[in-house]
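Trainee: Residue numbers (this note's numbering), protein chains in the order written: chain H, 379 to 464; chain S, 7 to 143.
Any given hint could turn out to be false.
Taking lysine to aspartate or glutamate and the EDC-like style, the derived pairs with C-alpha atoms no more than 16 Å apart in a straight line are [said to hold, decoys possible]:
1) S/LYS86 - H/ASP445
2) S/LYS86 - H/GLU409
3) S/LYS74 - S/ASP9
Which stretches of chain S does chain H cover? Using the computed rule of at least three CB atoms under 8 Å from a CB of chain H, they are [claimed, not checked]:
4) 14-21
5) 89-98
Which chain H residues face chain S? A few, computed with CB under 7 Å, are given here [stated by the list, open to error]:
6) VAL397
7) ALA399
8) VAL402
9) LEU404
10) VAL422
11) THR425
12) THR427
13) VAL432
14) PHE444
15) ALA451
In short, the hints are calculated from the structure, not lab data.
Backbone N, C-alpha and C define an ideal beta-carbon position, used for all residues, glycine too.
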Amino acid sequence: MVGIIQMQDIFLSVAVIIVIASFVSLYRGIEGPGIFNRIIAVNVIGTKTIVLLVLIGFIYGRPDFFDIALVYAILNFIMTIAATRY
Amino acid sequence: MFDSIINIIVVLLLLIGLFFMLAGTIGFVRFPDFYSRMHATGKCDTLGEGLMLFALIIYETGYEGLFKGDLQHALFVSIKIILLILFILLANPTSTHAIAKAAHDVGLQPWKKTDETQWIYDQDSETDKIINGGELK
Chain H
379 MVGIIQMQDI FLSVAVIIVI ASFVSLYRGI EGPGIFNRII AVNVIGTKTI
429 VLLVLIGFIY GRPDFFDIAL VYAILNFIMT IAATRY
Chain S
7 MFDSIINIIV VLLLLIGLFF MLAGTIGFVR FPDFYSRMHA TGKCDTLGEG
57 LMLFALIIYE TGYEGLFKGD LQHALFVSIK IILLILFILL ANPTSTHAIA
107 KAAHDVGLQP WKKTDETQWI YDQDSETDKI INGGELK
């Protein structure tokens, strides 16, 4: 522990900041001109979501979330490749 | 003593990763071009996510494993996160390259500083409607 602050509080605040950052990049996904900016926006939000899932697994002490994060990474990659193929 | 040192390292790595992730997000929103936006998001993916997951690995093996004594479970979780980092380091440059190549093949021109209009497209081509969503700009 760092003083009286638990590590879970630090993880929780980092997760909140990541959620705010993903909402900021959602602006480019909605507003941005063209399909390619939207594809990148989905890619970036997916990347932030992976870190968010691992942090949630640490906050609540449930290691099942790491498997979900792994599957989410694979799905994000396949989605990007399939979207840029056509 | 031992766990507080580990916690300080973990918090430092988390803050550096968070800085890279926020810088990537700001660059993604503020940059003028598609290609430069992709340059910003590459930093966000690789460095931000890598450092944050590495901090979580240190926390898991150091604090949960060595300090609390459940080493086998901690190593299991750490190997899972290491696999996650390796997959991300393989997949994210591949997807970035695929997006850039698709944009270049469709015909999206890079942003140039000399031109006052912020977007340079072929105004007559059909691909402009695909890229720009129908609104010529």
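Trainee: Go through the numbered hints given earlier and state which of them the structure violates, listing their numbers in rising order.
Mentor: Numbers 2, 6, 9 and 12, in rising order.
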